[in-house]
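Participant: One letter stands for each residue in the lines below.
Number of protein chains: 2
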Amino acid sequence: MSSAVQPIIWDKDHLSLLDQRVLPHELTYLQCRSAAGVAHAIHAMAVRGAPAIGIAAAYGLVIDALQGRDYAAAEKVLADSRPTAVNLRWALARMAQVQPRTADTLLAEAKTIHAEDLAQNLKMGALGAALIAPGSRVLTHCNTGALATGGHGTALGVIRSAHAEGKLAGVYNTETRPWLQGARLTAWELMQEGIPAQLIADGAAAHLMKVQKIDWVIVGADRIAANGDTANKIGTYALALAAKAHGTKFMVVAPSGTFDLECPNGEAIPIESRTAAELTEFKGQPIAPTGMAAFNPVFDVTPRALIDAIVCERGVIVQPDVAKLRALLD
Amino acid sequence: MSSAVQPIIWDKDHLSLLDQRVLPHELTYLQCRSAAGVAHAIHAMAVRGAPAIGIAAAYGLVIDALQGRDYAAAEKVLADSRPTAVNLRWALARMAQVQPRTADTLLAEAKTIHAEDLAQNLKMGALGAALIAPGSRVLTHCNTGALATGGHGTALGVIRSAHAEGKLAGVYNTETRPWLQGARLTAWELMQEGIPAQLIADGAAAHLMKVQKIDWVIVGADRIAANGDTANKIGTYALALAAKAHGTKFMVVAPSGTFDLECPNGEAIPIESRTAAELTEFKGQPIAPTGMAAFNPVFDVTPRALIDAIVCERGVIVQPDVAKLRALLD
Chain C
1 MSSAVQPIIW
11 DKDHLSLLDQ
21 RVLPHELTYL
31 QCRSAAGVAH
41 AIHAMAVRGA
51 PAIGIAAAYG
61 LVIDALQGRD
71 YAAAEKVLAD
81 SRPTAVNLRW
91 ALARMAQVQP
101 RTADTLLAEA
111 KTIHAEDLAQ
121 NLKMGALGAA
131 LIAPGSRVLT
141 HCNTGALATG
151 GHGTALGVIR
161 SAHAEGKLAG
171 VYNTETRPWL
181 QGARLTAWEL
191 MQEGIPAQLI
201 ADGAAAHLMK
211 VQKIDWVIVG
221 ADRIAANGDT
231 ANKIGTYALA
241 LAAKAHGTKF
251 MVVAPSGTFD
261 LECPNGEAIP
271 IESRTAAELT
281 EFKGQPIAPT
291 GMAAFNPVFD
301 VTPRALIDAI
311 VCERGVIVQP
321 DVAKLRALLD
Chain L
1 MSSAVQPIIW
11 DKDHLSLLDQ
21 RVLPHELTYL
31 QCRSAAGVAH
41 AIHAMAVRGA
51 PAIGIAAAYG
61 LVIDALQGRD
71 YAAAEKVLAD
81 SRPTAVNLRW
91 ALARMAQVQP
101 RTADTLLAEA
111 KTIHAEDLAQ
121 NLKMGALGAA
131 LIAPGSRVLT
141 HCNTGALATG
151 GHGTALGVIR
161 SAHAEGKLAG
171 VYNTETRPWL
181 QGARLTAWEL
191 MQEGIPAQLI
201 ADGAAAHLMK
211 VQKIDWVIVG
221 ADRIAANGDT
231 ANKIGTYALA
241 LAAKAHGTKF
251 MVVAPSGTFD
261 LECPNGEAIP
271 IESRTAAELT
281 EFKGQPIAPT
291 GMAAFNPVFD
301 VTPRALIDAI
311 VCERGVIVQP
321 DVAKLRALLD
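Protein chains in written order, with our numbering: chain C, 1 to 330; chain L, 1 to 330.
Read the hints as simulated data drawn from the structure, not as lab findings.
Nothing here was measured: the structure is a model prediction, and the numbers come from that model.
If a hint is listed, it holds; no wrong ones were tucked in.
Remember, identical chains collapse to one label, so a pair may be satisfied in a single copy or spanning two.
Here are the simulated DSS-like cross-link-like pairs (lysine-lysine), alpha carbons at most 30 Å apart as the crow flies:
#, residue 1, residue 2
1, Lys249, Lys213
2, Lys244, Lys123
3, Lys244, Lys213
4, Lys324, Lys123
5, Lys76, Lys111
6, Lys249, Lys210
7, Lys111, Lys12
8, Lys210, Lys244
9, Lys167, Lys210
10, Lys12, Lys76
11, Lys324, Lys167
Sequences are here, hints too, so could you generate the full structure?
Facilitator: Take a look at the structure:
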């Protein structure tokens, strides 16, 4: 793993989760001693990022198995914690296949999911970096780094790999409102890694592309439908529209667990909405007048026509469509 | 004026400016007793919004004239306070023409500029509202209301007028990072006015347009070049690109003092950049890791091809170009 900080640590009988809500200024671990506790940490976004959520949920099942609690109940509380991230369902489905179902076999599978995710990210990093020409400038959104995954990262993993290969002339990252995952987490990972980067307001991305040639927008995914339409952090779709207008290429980086071939297209992806308070308050301080209503979707869908390449650990899909996705994933 | 709160008050020998940095939670007035004090308030964004800056600068000249200070020096300190807003230069140029130049004649001219701005806004409100079909949904950006002008507002003035005519089925406003003028100021004005509205993150606008038909994006302007290219708050250009992709019309609302016919196009408009701290800190608390670099342009330029209508007090320019602008303004 590229970063020295471990966001998800299995510790004998419980899960330690780095509380990403208070980063980068506090390094605090939550001790989760039940599946419900893990589900709460996922819902409250102490752990976030589609792959990391899947890994944490897998360990959540192990905790309840160790305690002798009901498997189906643990599975349900975890499945309900975030609706959009398909990795969560994917990890739960994979854990459900473990036979015989014991705490030990479940723990082995959770550790395998965790380790595989890191291996997949390193593979995707190499595949994605191979698409990037030397001297390129890239823009990323939200946090898709070691904090969001089993290590290295998806979109940020590609940036790490491309940086290691000396290919990047510039890295920009959005602050990613309302949760500021870009300002708090991606900026922190980039600084830890010694990758020079500049933070921008989400609304500044289109202007940036106009005044400075940006070669690639590189993002992660929370769910990819069978035709390539991609749900990702709110703001991604706006970046894709701006990229199209400026000849900037658009890359989605996600492990195969993010693909949902049963979901025909983006319109079928459920989009989680969260409370108005995420927009009207900041760290408990009001920033909008009391009672102001808000529309606060957490994700949006980027249609496949705006995506130049989807990078997964199995390979690269250029100009994605149903046939290409099935060919790679089946 | 539609709002009971007066953001710019001339008080015998000095200027009281509502400190918009602490709204909506504190109503505090700054007492400006010199042109330099007004310039500082403009630079520090205690007063903001292109028309309001012009009005405040005009009064700033009056203060120094009353004190017997040098006119040229006062003019220079005010001109240097914000580079992009052309209303500032326009107001200073208009004040420079006052003959004979006495404190009384300057005060009369400043009061005229102030009153004319309100009258222009009411006119633009009616002209803009006439473009809006009953049952429309609109989205606005930043704050262009009574706080940003001599009263009523430009883009928000059109929304006020359209609301008064019962035409609006929905109003959305962006929070407008990094200064949150939308969350703090526009939301406040909309609530004071009893106009139901929903706050969104800047990055959510494109998604909003996809899931909910938005009829118009309505924005103000800091400078409009001779061909119709429009500089406005960072994020405006991204909204214009998203609007084009969704068949949403795009309206710019600005008084004639915002037009700069000597500026041929958007590329010739200087774009103010501000400090990284506006993105890396919030109310003095760090939100990004210490030392993180940022790209923080305050404005962007929306090319005329993305603008369906420019509304000014002299009339409406549909699909703006050089000839139409000259015809209306000369």
